[in-house]
Amino acid sequence: MENSQTQQVSRRAKILDVLGNWIGVIPFFIFIIVFLILPSMNLFIGAFRDLNGNFTFDNIIGLKDPAILKAYSVSLQVSVITSLVGSVFGFFVAYAITIGKAPKWMRNILMTFSGLAANFGGVPLAFAFIATIGRTGLITAILKNICFSNAAGVQSCPLDIYDNGFTLYGVLGLTLAYTYFEFPLMVLIITPALEGLKRDWREASDNLGASSWQYWRYVAFPVLWPSILGAGLLLFGSAFGAYATAQALTGGSIYLVTILIGQQIRGDVLGNPNLGYALALGMVVIMSITITGYTILQRRTARWLKS
Amino acid sequence: MSFLKLTHVNKTFADMPAVDDFNLSAEQGEFVSFLGPSGCGKTTTLRMIAGFELPTSGKITIADQDLTYVPPNKRNVGMVFQSYALFPNMTIADNIGYGLKVVGKSKTEINKRVDEMLDLIHLENFRERYPYQLSGGQQQRVALVRALAIRPQILLLDEPLSALDAKIRVELRQEIRRIQQQLGITTIYVTHDQEEALSLSDRVVVMSQGRMEQVGTPSEIYTYPATEFVAKFVGQINLLPVDVINPPEGLVKVGQQPVRTSRALNRADGAHAVRLAIRPEELNPGYLEGANNLTGKVDSITYLGSIIRVRIDVEGQLISMDMFNERKLKMPAVGDIFQVNFDADACWLI
Ligand SMILES: Nc1ncnc2c1ncn2[C@@H]1O[C@H](COP(=O)(O)OP(=O)(O)OP(=O)(O)O)[C@@H](O)[C@H]1O
Ligand SMILES: [Mg+2]
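Chains as they are written, first to last, in the numbering used here: chain R, 1 to 307; chain V, 1001 to 1350.
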């Protein structure tokens, strides 16, 4: 009798204990459920419904539309190019301020700048670009007025970029704008990884007769590879999912998947929210494939890391 | 003919001298230790031999070949780091074979050498493991043979055991010595642990503040320290201020008690403060006719395991005496009047 009573008491204590451990994360789970799980389910279900709420594959089949395929292709192109360019540039900057002999003050400036720039996006970023290298931007104007006259007295202005076919309001402009936040993001992520390369590894490699190139090929790069891959993926994702920058910069004239989704969901006459859901589902699938690929590669390259 | 030679080597970092006029000749197969306190320039000297630092002036030769300005990857000098510095992304076999792979040796040749090396450290079963799967001691053994795999002209070790615990340290240092003798490789060993230096080396270089204080065999260093620094740094020592009575006879006074030393005074000009140096283990309890005798009061008694250290207050000077801890020992009590004796040969003046 007494025994079962103490058992009950101890069980209650245990429950309270567990509750105590979990109570702190409850807001987090509520947040996740409300803003991630429910919308995802809604998106998934919506992709297989028509406007009247009946089950259908039409939305998925509708993705085969050439305009939509084109949008995916442009989105992928912009994301891949900007994440590659950003990765390479970011890597070299991070290299310069860690392993390279760049002075300390430069390192501080670059890290602060990267922290700011990596979070600079959306409409303000678009307007900053328009104000500098837009058709009437500051830099554009300065470049336009650098003119030379040749022996015959004919004036030429070789730096008038818009005369030479450049436009900020297309894919190239978008790539530039995205790179602006992608490359500092890379700097932020890869700097700690480069700092993790031990000087002793480099010296041991030298000591054993290896060249600098061999050190990078056999030691540094394999060690960095998982971080580079992860950073590249993050860059890809941030470009792939960007919407506001592209919308503000091009006014929706360029077909990215995100812009297309916006058009479908905004609810004007031409819009079909369910097609929008299907488009979004397509993006989710692409990101999932990328992340899975990353995980597999990462596991293979980092099997020597302590788990 | 000396094999490794450092001549008037200097190194300054931003006007701060780190190594000051370093001169050393090591014979082929010799084991030389650099011993000194933190910051005395041991690592810097070693790194100049490896090529990671350039001397500000001076010359470094190995087998009569001037290496002073040869880049590190062209020196064929093996180095073992305090942190092991194994490549984390490679197996043990790949780590050991790295130096052979980068110079384009064939797979079979590399494999054969890796087997030999693993055999040397008895880690044959760890071939395909990664460094993180090994203990610190095992990792350092791998680092040792990785450096040896390339058949270097000399082997450099920078405090290779200081990250390991005491027991492994003793085990591994014997293993290092065994392998060194087996291969007959000229070795420079940096340490701040006097026991390591004395037990391993053919010769010891004692350093302080970038300068060489003394070079000699372990027994020379311990028995005849050339300077006060060496006397204090290597082993325990009593240094007692004395009044000189008769320089040629080496006769001095500790307080009011006369002491005779067998070696004549070299600095007994009276201008310098002269001190009597004697190791704690040279003192014996009790009075002995014909020896030096000092009388004082027991100040403290410390048990150090196999040794008991008794501190005696002799007219205001504290003197340490070490005795083996034997059961039959009759210990004095603190405050007792106590006599100690020692040979004239056992003490000297500095
Ligand atoms: N790269 C460097 N730049 C500036 N000063 C340095 C550099 N490397 C060493 N020093 C200085 O040179 C002196 C000798 O250093 P070193 O590392 O050779 O000492 P050590 O004897 O190896 O000491 P420890 O036992 O602590 O390893 C120290 O005063 C140190 O501060
Ligand atoms: Mg050192």
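Watch out, some of these pointers could steer you wrong.
As the list claims (entries may be wrong) - 30 Å max Cα-Cα, derived DSBU-like pairs, lysine-lysine:
# : chain 1 : residue 1 : chain 2 : residue 2
1 : R       : Lys14     : R       : Lys101
2 : R       : Lys198    : V       : Lys1328
3 : V       : Lys1297   : V       : Lys1232
4 : V       : Lys1105   : R       : Lys198
Because the hints were derived from the structure by calculation, they are not lab data.
Of all the hints numbered above, which does this structure not satisfy? Sort the numbers upward. Hints 1, 2 not satisfied by this model.
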